[in-house]
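Residue numbers (the working numbering), protein chains in the order written: chain E, 1 to 135; chain Y, 1 to 457; chain G, 1 to 522.
Calculated from the structure, these hints are not laboratory results.
Just so you know, not all the hints are guaranteed correct.
Stated by the list, open to error - To list a few chain E residues with every Cβ distance to chain G over 12 Å, as calculated:
#1 I77
#2 D112
#3 A117
Unchecked claim - In the DSBU-like style, the derived pairs of lysine-lysine whose C-alpha atoms are separated by at most 35 Å in a straight line are:
#4 E:K86 to G:K193
#5 E:K55 to G:K193
#6 G:K519 to E:K86
#7 E:K11 to G:K473
#8 G:K473 to E:K55
#9 E:K11 to G:K90
#10 G:K207 to E:K55
#11 G:K207 to G:K193
#12 E:K11 to Y:K296
#13 E:K86 to G:K207
#14 E:K55 to Y:K296
#15 G:K517 to Y:K296
#16 G:K517 to E:K63
#17 G:K435 to E:K86
#18 G:K435 to E:K55
#19 E:K11 to G:K435
C-beta: ideal position from N, C-alpha, C; glycine also.
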Amino acid sequence: MTTPNDRRYSKEHEWLLLTGDTARIGITDYAQDQLGDIVYVDLPEAGAQLTQFEKMGEIESVKAVSELYAPASGEVIRTNDALVEKPELVNSDPYGDGWLVEIRIADTSQLDALLTAEDYDAFTASEQTDEAIRP
Amino acid sequence: MIETEPAPSMSDHPPIGDDALHPYIPLTPDDRAAMLATIGVADTDALFADIPAHLRNPDLDLPPALPEPALVAHMRALAAANVTAETHACFLGAGAYRHYRPALVDPLVMRGEYLTSYTPYQPEVSQGTLQTIFEFQSLVCALTGMDVANAGMYDGATALAEACLMACAVTGRRRIAISDRVHPHWIAVVRNYAHGRDIAVDVQPHAEFAVTAEHACLAVQQPDFLGRVSTSAQSWADAAHDAGALFVAAADPVSLGLYRPPSDYGADIVVGEGQSLGVPLSFGGPYVGLFACRDKYIRQMPGRIVGETTDLDGRRGYVLTLQTREQHIRRERATSNICTSQQLIALSTAVYLAALGPHGLRRVAELSYARAHDLARRIASIPGYTVEDDEPWFCEFVVRTPRPVDEINRALLEHNIIGGLDVSDVRNRMLLCATEMNSDDELDRLVGALSEVEASR
Amino acid sequence: MTDDRRPATAPRLEPTLAELHRPGRIATSLPDAPPADLRPPASLTRTDLPLPELSQLDVVRHYTRLSQLNWSIDTHMYPLGSCTMKLNPKVDDLAASLPGFAEAHPMQPAEQVPGALALMYELQRTLAEISGLDDASLAPLAGAQGELAGVLVIKAYLESIGERRTTIVVPDSAHGTNPATASMAGFDVVAVKPQPDGDMDLEELRKALEEHGPTVAALMITQPSTLGLFDRNILQISEMVHAHGALMYGDGANLNAIAGQVKPGDLGFDVLHINLHKTFSQPHGGGGPGAGPIAVRAFLAPFLPSPHVVLNGDSSGGASAPRDAAEAGSSMLEAGRDTRSSVQHPASTFALIDPPRSIGRLGAHAGNFGVLVRAYAYIRALGPDGVRAMSEAAVLNANYVQARLREAYELPHDRICMHETLFSARRQKARNNIKALDIAKRLIDYGFHPPTMYFPLVVEEALLVEPTESESKETLDAFCDAMLAIAAECDSDPDLVRGAPHGAPLRRLDEATAARKPKLRW
């Protein structure tokens, strides 16, 4: 799956798609592949205030649990209710129907701290090492 | 299939001498030589070269090995040195209860396929264990009235402690209220677990509970430490819920063959000691803690859980599930650190329940109730003895005795009777238990011996 | 192989008890109901008890058939790293089920159970001796609880000398119970990365100790490590940690490698927990019961859990019991006299006490006594020479497996291993997209339980193999032959490996659905 150019990325493998002053947030294809079959997502409620790079929730697969970090600050407008019944959407369509939350962005200049698609690809490539022993 | 070499001829056996073999270690001198050659070292010392040389081969001050017949004789001698319920009439309860163990339980539970199998992390070859756990979970739900149960905990006391910690995690509060009528050893364990996480424990007087918005839960026990069953439990649950706290009930599972389950009176979490379900007294362990709760708390529930699913061919099977709560994944954020628990004992209780069924379990509870109440009635008519009977109770009761309890128990021992627990306060008080296992003859002997003590004053 | 004659519509292996339920069936006969005047009031009693009703044959057949779906040590080799799946001698079961043990009530006075207490006292002493420490507690009900007890003892000791230290250091490769336990006891956890050769990085450790300064309470490590390697820096590590005012906690999960070869106390450990269901052969039972006794240095003995077995007249917590008294107790063990007679001395030799500054109770009673009986019998059957032979054979067996498989599977640490050897299936993943999981599942088709997978986390596609001393050379060779055959299959028939197992009672199970839509009861 190619990394879409229309959005920004964090080093914690979240993406953010800006539309006006609202933004949609999800996790990347790389992240869902690493996690495996998603079984449960724990998301903040509507009205919650998120702070950039701080924990906003958790995502669980069969064998792993990972924290979710807000790529930008803002107020949660809605969460993706479809994930309650079908958490597997995060695996099958991480950039589309597998989105997690929508927020009202407080400060669009925060996006400068995020990576472009190209930079993100370079980042994930560098995370694969040549050693059996992980750093 | 893998080819193996033909077995050596039986006339090739090595001389039995200094290189005597041990039945637990199949390594022979020939094996050792061949393996060292493959590894490419001269001797096994080379394999321990990383150990600082001056610390190697320490003296081990232990008695020399016992051959099996001597070992069995030694173990029999140690066992025979104990006074036990096998040779004496036992009227002790206080958290461990002697109920009839159906004959089919041991031969099934002690099968090597159950006894020597591992934690079922490879479900394709562990369906025996996994299905028995699924059934155990279902049986615990049936007994307690809760929605979900786990695969068991170390014992009832630690199950209660973990339930209190879970209530703290669910509510975000750091204080628990617990009835002073819970078994004192259980309260001690709860204190210990709470202390580790800087959680405060308020032991509150029975039926005078004061649950506030600071408390994560109110915890009670039915029957309580002195055997009593209350009719007011619903009001306690209401008080807890009004304060936004959870209501945790510890219940004896045999009593649940007879009494209303905690789900009837507002429990959010139910725990219990599974030992009374036909598990041997065994000087305190191994036992098994029962743990069950309402559906909405399932992600905070500690311990292993088995769920139903299908395999690639669509056949039904069982797997460990919701493992992301556990230590091997969440590590420091795990709901608990529990890894190994008490699986074989849980299996034993499930087989016990299958062997008894609803009518059998109810009958065991009824008979225990009846033996104990009959005993109490007879003791009450011995001059000098008073039975504390102002509240309903199951199969344990308190007797006020005319002499100190340890004096009475020494006298009872002369009659081959193990007496009750000393629960004296300013008065001499003994906690006596009777179950369906105490025969008429045993009751007669106890009543006779108690009468003698009083008469000899 | 798969039984193709099984009807296509066989949707399940074995019905549940609920599916076997038929009203009116019973499996055990019991006495008649008591008279009405000896029954509880109806207001308290339940009217509905939804337990299944089965005949006796139903129950026997159900549990027998289910057992036949299970693998076990009695039927298969379990090369599970860090689990020590060794022979469970039947004589230990015989001992634990003796009525003189099985029918002893935990609340009986000490003078009624001298045999039980003598056994516990001797086991305390034995575990302390093997550990090279001064005393031991048998109270913890599992390894994880032993860890909790050990950490709480350390916490209590430090508080008693006026130090409130709130951090515990662990290696990256630590077993999950270590950080979980530290957190349960209220500590923060700091992880330290290893050197490429697997030993702890002394520089990283020094930095961690400096950075966290006087908040560090202890270092929690396994020796040999979870990588199966004996950390050659151990003496320096102990010195650094102690110089910092912190303590050394040993996770004894890998004790099978070094018991009798070296004493953990001599390596600098102050506390060691021991898994009786690993090194000392308590049967795993499908997930317990086990026991996790802890051994400690004398200065920590006053903080041990309650209750503790001591010789009568010894209020010090046990660690300073005079040698003569210990011998008096031992002579009672040897004689095994029947103390139900009025002979006074043996009956009052032992007592259960609360150590003077105990961290408190870990369970309702004194420990998993039935497990302690088995461990005691096991060690008595081995004796000191047998313990040494046990660890020697365990280490020899693991190195043999390592030597036979090192060409086919990547060996991240090219060193002599201890009782277990750690491979990576990275090469197979890169070449054929076959993961450690697939190799493990294919091993089932060859009749071997998979080794430990994906642990320790610091090695990619980890396969941790621990043969134990119980397996013969023929079994080891068969296991290695199977692993080599699978390595070849990764090239010649990767789909076969990825679809494994093919010959087990079930094929791979859908764990995702089990977690997404939990069905946890019938």
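Results for each hint:
1. I77: holds, 26 Å
2. D112: Non-interface label on E:D112 holds, nearest chain G Cβ at 31 Å vs cutoff 12 Å.
3. A117: It holds; E:A117 is separated from chain G by about 26 Å at its closest Cβ, greater than 12 Å.
4. E:K86 to G:K193: violated, 38 Å
5. E:K55 to G:K193: Answer holds: E:K55 to G:K193 is near 25 Å, not above 35 Å.
6. G:K519 to E:K86: Given pair G:K519, E:K86 holds - Cα atoms ~16 Å apart, limit 35 Å.
7. E:K11 to G:K473: Given pair E:K11, G:K473 is violated - Cα atoms ~50 Å apart, limit 35 Å.
8. G:K473 to E:K55: violated, 52 Å
9. E:K11 to G:K90: Roughly 56 Å separates the two Cα atoms, so the pair is violated.
10. G:K207 to E:K55: holds, 27 Å
11. G:K207 to G:K193: Roughly 11 Å between the alpha carbons, so the hint for G:K207 and G:K193 holds.
12. E:K11 to Y:K296: Holds - the C-alpha atoms of Y:K296 and E:K11 are around 34 Å apart, at most 35 Å.
13. E:K86 to G:K207: violated, 46 Å
14. E:K55 to Y:K296: holds, 23 Å
15. G:K517 to Y:K296: Holds. G:K517 to Y:K296 sits at ~14 Å (cutoff 35 Å).
16. G:K517 to E:K63: Since the Cα atoms of G:K517 and E:K63 sit roughly 16 Å apart, the hinted pair holds (cutoff 35 Å).
17. G:K435 to E:K86: Measuring from Cα to Cα gives roughly 27 Å; hence the hint holds.
18. G:K435 to E:K55: holds, 31 Å
19. E:K11 to G:K435: It holds: about 26 Å lies between the C-alpha atoms, which stays within 35 Å.
Violated hints, in rising order: 4, 7, 8, 9, 13; the structure is consistent with all others.
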